[in-house]
Amino acid sequence: MGILDALEQALADPMIIWGKVAGILGNVAVAALLLVAGHFIGKLLASIVSKLLNKVGLDKLSEKAGLSDGMMGASFSLTPSVVLGKIIYWLVFLTFIISAADKLGLETVSATINNFVLYLPKVIGAFLVVIIGLFVAGLVRTGIETALAGLNLGYEKALGGIVYAVIVIVVLSLGVNQLEIETDLFNQVVVIFLMAGAGAVALALGLGTRDVAGNVVAGVYARELYQPDDMVKVGEVTGTVVAVTSTSLVLQTEAGTRLTIPNSRLLDEQVEILS
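Start counting the sequence shown at 0; every next residue gets the next number (numbering that gives the first Met the number 0).
Rather than coming from a laboratory, the hints here were simulated on the basis of the structure.
Do not rely on the hints blindly, as some may be mistaken.
[As the list claims (entries may be wrong)] Below 25 angstroms or equal to it, Euclidean Cα-Cα: the simulated BS3-like pairs (lysine-lysine) are: (1) Lys85 to Lys54; (2) Lys102 to Lys50; (3) Lys59 to Lys42; (4) Lys54 to Lys102; (5) Lys54 to Lys42; (6) Lys42 to Lys121; (7) Lys42 to Lys102; (8) Lys156 to Lys54; (9) Lys121 to Lys59; (10) Lys85 to Lys59; (11) Lys59 to Lys156; (12) Lys85 to Lys50; (13) Lys85 to Lys42.
[Claimed, not checked] Here are the computed distance ranges between Cβ atoms for each label pair: (14) Glu106 to Lys42: 21 to 31 angstroms; (15) Val249 to Leu173: 38 to 48 angstroms; (16) Leu34 to Ala146: 49 to 59 angstroms; (17) Phe39 to Ala195: 51 to 61 angstroms; (18) Val249 to Gly142: 21 to 31 angstroms.
The C-beta atom is built at its ideal place from N, Cα and C for all residues, glycine as well.
I would like the entire structure built from these sequences, with the hints used as guidance.
Next up, the structure:
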């Protein structure tokens, strides 16, 4: 019996080994098929998503928001729809990689990739928040500039730019928050910066630019009353209106001299329109 047992054991050991090898090779083959399938399925879905996003106008929206120009300036030639398509590809492909890793018994690799895959939708969400936010900021800036342009104040672009910058800061904060990155310190810095800026502007207007502010307000009324080529007399000065700027009235006298008269004088003194 001892010899038979030894012979049986000698024959069984190679079979066990080959069984394990066959199992490993089978798992490797299945994992390889999963990777190939993930690649092609990811490519297909990425193409569908990119074309769909392009048709619904995502690329045009990003152009209006100025995001495409920024990407081009950074030597990044891909459009937002293509970028999101590639994110979809990797989302699908990494999902198949997780399945392949599980099949090979690589639990640590599978868990790490799984955490990354779960984070990708947050990246997509942050990307969309930034695009939509920049588009809205652009619309608001254009609206402010258009509305103030009718008043001929002369600083509509500066005010529009300030509002645009504030909205962009808020949008970036929302985008970072979408990624679940700690933003408390960033938000506090932004609030302090905005409060300091508002305080500085208020102090400047209240102390250092009272006369300028008065001239600007008077200029709003002056533009309604006086037009270029009008002959007017302000106090002892007579001349033809050349322009009404934000802070002053520009006159050209009969002698050919150009004079600038602060707009506040147009309210304080008697002005005659001669023609």
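Holds or violated: lysine 59 and lysine 156, Cα atoms, limit 25 angstroms. 23 angstroms, holds
Regarding the pair lysine 156 and lysine 54, is the alpha-carbon distance no greater than 25 angstroms? Roughly 33 angstroms separates the two Cα atoms, so the pair is violated.
Hint says 49 to 59 angstroms; check whether the CB-CB distance for leucine 34 and alanine 146 agrees. 57 angstroms, holds
If you check the beta carbons of valine 249 and glycine 142, does the distance land in 21 to 31 angstroms? 30 angstroms, holds
Need the status of pair lysine 42, lysine 102: alpha-carbon distance at most 25 angstroms? Roughly 23 angstroms separates the two Cα atoms, so the pair holds.
Regarding the pair lysine 42 and lysine 121, is the alpha-carbon distance no greater than 25 angstroms? At roughly 21 angstroms apart (the allowed maximum being 25 angstroms), lysine 121 and lysine 42 satisfy the hint.
Are the Cα atoms of lysine 85 and lysine 59 separated by 25 angstroms or less? With Cα atoms ~19 angstroms apart, lysine 85 and lysine 59 stay inside 25 angstroms; holds.
Quick one, are lysine 54 and lysine 42 close enough, alpha carbons at most 25 angstroms? It holds: about 18 angstroms lies between the C-alpha atoms, which stays within 25 angstroms.
Given the hint that lysine 102 pairs with lysine 50, test it: the Cα-Cα distance must not exceed 25 angstroms. 34 angstroms, violated
Is the hinted range of 38 to 48 angstroms satisfied by the C-beta distance from valine 249 to leucine 173? For leucine 173 against valine 249, whose Cβ atoms are near 46 angstroms apart, the range 38 to 48 angstroms holds.
Does lysine 50 lie within 25 angstroms of lysine 85 when you go C-alpha to C-alpha? 12 angstroms, holds
Proposed proximity, lysine 42 with lysine 85 (alpha carbon, max 25 angstroms): The hint holds at about 8 angstroms.
The structure fails to meet hints 2, 4 and 8 from the earlier list, while all remaining hints are met.
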